[in-house]
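Respectively, the protein sequence lines represent chains A and B.
Read in numbering that gives the first Met the number 0, the first sequence has 25 at position 26, and its numbers run on one by one without any break.
Read in numbering that gives the first Met the number 0, the second sequence has 143 at position 144, and its numbers run on one by one without any break.
Since the hints were derived computationally from the structure, they do not count as laboratory data.
For each residue, glycine too, the CB sits at the ideal point set by N, CA and C.
The reader is advised that the hints may include incorrect statements.
Have a look at the derived ranges for each label pair, beta carbon to beta carbon [stated by the list, open to error]:
no., chain 1, residue 1, chain 2, residue 2, range
1, B, E166, A, G130, 51 to 61 Å
2, B, R205, A, G14, 31 to 41 Å
3, B, V235, A, R34, 49 to 59 Å
4, B, A172, A, G182, 45 to 55 Å
5, A, S92, B, P191, 58 to 68 Å
6, B, I24, A, I47, 40 to 50 Å
7, B, E20, A, A42, 51 to 61 Å
8, B, A172, A, V169, 32 to 42 Å
9, B, S68, A, S193, 49 to 59 Å
10, B, G66, A, A42, 53 to 63 Å
Here are the simulated SDA-like cross-link-like pairs (lysine to any residue), alpha carbons at most 25 Å apart as the crow flies [to be verified]:
no., chain 1, residue 1, chain 2, residue 2
11, A, K94, A, A37
12, A, K89, B, A21
13, B, K7, A, R188
14, A, K16, B, R43
15, A, K151, B, A21
16, A, K116, B, G66
17, A, K16, B, R67
18, A, K116, B, K113
19, B, K48, A, D60
20, A, K151, B, R82
21, A, K151, B, K241
22, A, K16, B, R82
23, B, K48, A, R165
24, A, K9, B, K7
25, B, K113, B, D102
26, A, K9, B, K113
27, B, K48, A, V169
28, A, K151, B, K7
29, A, K16, B, L18
30, B, K7, A, K116
31, B, K48, A, K94
32, B, K241, A, V153
Take a look, some chain B residues computed to stay more than 12 Å from chain A by CB distance [stated by the list, open to error]:
no., residue
33, T5
34, Y6
35, F104
36, G128
37, A180
38, L220
39, L240
40, K241
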Amino acid sequence: MGRLIDEFHKLPGVGPKSAQRLTYYLVRMPEEEARSLAESILAVKERIVLCSQCYNITEIDPCELCNDPARDETRICVVEEALDVLALEKTSSYKGLYHVLHGVISPMNGVGPDDLKIQPLLARLRNGSVGELIIATNPNMEGEATSMYIHKLVSALGLRVTRPARGLPVGGDLEYTDEVTLGRAMESRETLPSSP
Amino acid sequence: MSRPRTYKTHGIVLKHMPLGEADRIVTVYSRERGKLRAVARGVRRTTSKLRGHLETLSHVAVSISEGRSLDAITEAQSIHAFRGLREDLQTVSEAVYMAELVDGFSADSSPDAKIFDLFLGSLVQLDEGRSSPQLVRFFEVQLLASSGFGPEFQRCVECGIVLEPREHVFSLAMGGIVCPACKGRSGEAVVPLSLNGIKLLRHFQRTSKTSMPEMSLSPALATELQRVLRSYIRHVLERDLKSAEFMNLVASTAR
């Protein structure tokens with residue numbers, strides 16, 4: 000039981016008390032439910048692979064997004080994590096392809112460019128069918144550094160390179176917005192449609 | 000139960016790491032309290048009021064309430080976000096390198112106003128676009144001196160004799176120059192150092208300013224100083240700095 004508590008404790012967001020609670024819950028769980036949980040954990044590890052093109056997590060390779068003929072192949076959106084793909088897909092406003100870096104350049108945490116899927120991205124871009132590269136890394140110091148680094152590497156390829164706009168979040172508060180965000184939001188104002 | 004104590008301070012955000020669902024542990028180097036770690040609750044949510052004010056390398060004013068194990072940031076307001084510095088990969092990489100050095104050379108809650116002023120002054124210089132190799136070298140020499148690892152450039156570290164004006168070798172283990180007579184006696188790793196290099200390092204160490212003196216450096220001399228200081232810092236910290244590697248990578252792709 001100690002071993003199971005330790006294993007739960009390794010999961011993100013699970014503290015020592017939660018780990019104990021989960022373990023005691025499992026002890027009282029019917030056997031078939033426990034078996035099903037164990038099997039699904041194993042299945043995830045066995046079946047889930049990284050897509051050989053975009054490095055998204057998938058059960059089939061290439062992944063559904065890369066295989067979909069309806070997706071716009073001239074656009075690639077670079078994201079830090081596979082979860083970012085889910086978030087962008089939820090918006091339904093992007094129909095291009097993705098490329099998952101699996102991290103961000105963060106020298107303070109010991110992550111350099113070689114630890115990310117940047118080389119495969121360059122190989123994809125050299126194929127020539129891509130016209131726009133959207134670098135959707137997070138708008139923080141690490142994400143910006145990664146974006147600038149990739150931009151520098153691809154500048155010779157003659158692509159259109161874009162970043163998602165920065166501005167005020169929905170449900171946000173102008174008073175508490177930091178100066179950089181507010182400054183950028185003011186610089187990229189939108190004209191309201193003129194009333195008829 | 001006693002009421003939680005709160006205090007206000009200002010400092011530069013060195014780094015942060017995610018904690019739980021939406022929290023972050025932020026490491027701040029403050030002028031009055033040295034390096035401190037505090038949790039910023041909910042800061043990863045887009046509507047967080049702290050978010051954006053706690054970016055890495057920002058100079059921020061914070062209110063902190065003391066907790067049982069970890070202190071918590073209750074308010075944050077950026078004083079200077081160094082936007083200019085963030086828009087160039089070269090200056091970002093240099094600033095991150097400085098942050099990693101400050102992090103590496105400082106212990107928790109031991110304030111050093113001189114290191115803080117040096118760090119802030121260097122960030123301001125980078126932000127104004129006055130980036131140069133000697134700025135980083137100057138920062139390294141000054142930081143080493145303030146942290147008690149100041150290298151000896153005037154006398155031989157073995158025998159104490161005043162060094163003759165000529166080229167010498169720098170001993171990493173001894174943290175200073177060894178004279179020709181003592182050289183090779185200890186068998187420690189040494190790095191060659193030219194006369195001009197020694198003069199410049201002495202000047203960097205002597206000056207009481209918190210900002211880099213304006214001067215230009217030949218590429219050969221810049222490389223030499225970088226090699227000596229980098230090797231010495233690696234020797235003191237007993238590890239390679241990832242940000243140093245990244246800084247070199249950026250500098251090489253820029254050419």
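Pair hint outcome, K48 of chain B versus R165 of chain A [Cα-Cα no greater than 25 Å]: Measuring from Cα to Cα gives roughly 16 Å; hence the hint holds.
How does the Cβ-Cβ distance of I24 of chain B and I47 of chain A compare with 40 to 50 Å: does it lie in that range? At roughly 30 Å between Cβ atoms, I47 of chain A and I24 of chain B fall outside 40 to 50 Å, so the hint is violated.
Against the range 45 to 55 Å, how does the distance between the Cβ atoms of A172 of chain B and G182 of chain A compare: consistent or not? holds (49 Å)
Assess, step by step, whether the Cα of K151 of chain A is no farther than 25 Å from the Cα of K7 of chain B, and give holds or violated. violated (40 Å)
Assuming the hint says 51 to 61 Å, is it satisfied by the Cβ distance from E166 of chain B to G130 of chain A or not? Holds, at about 56 Å.
Assess, step by step, whether the Cα of K48 of chain B is no farther than 25 Å from the Cα of V169 of chain A, and give holds or violated. holds (13 Å)
Hint check: K9 of chain A vs K113 of chain B, CA-CA at most 25 Å. Holds or violated? violated (40 Å)
Against the range 58 to 68 Å, how does the distance between the Cβ atoms of S92 of chain A and P191 of chain B compare: consistent or not? holds (60 Å)
When you look at the beta carbon of A180 of chain B, is every beta carbon of chain A farther off than 12 Å? holds (41 Å)
Hinted pair K7 of chain B and R188 of chain A, Cα distance within 25 Å: With a Cα-Cα distance of about 35 Å, the restraint between K7 of chain B and R188 of chain A is violated, given a limit of 25 Å.
When you check the alpha-carbon spacing of K151 of chain A and K241 of chain B, does it fall within 25 Å? With a Cα-Cα distance of about 20 Å, the restraint between K151 of chain A and K241 of chain B holds, given a limit of 25 Å.
Tell me if the straight-line CA distance from K48 of chain B to K94 of chain A falls inside 25 Å. violated (32 Å)
In the structure shown, a violation is registered for the earlier hints numbered 2, 6, 7, 8, 10, 11, 13, 15, 16, 18, 19, 22, 24, 26, 28, 30, 31, 39 and 40, in ascending order.
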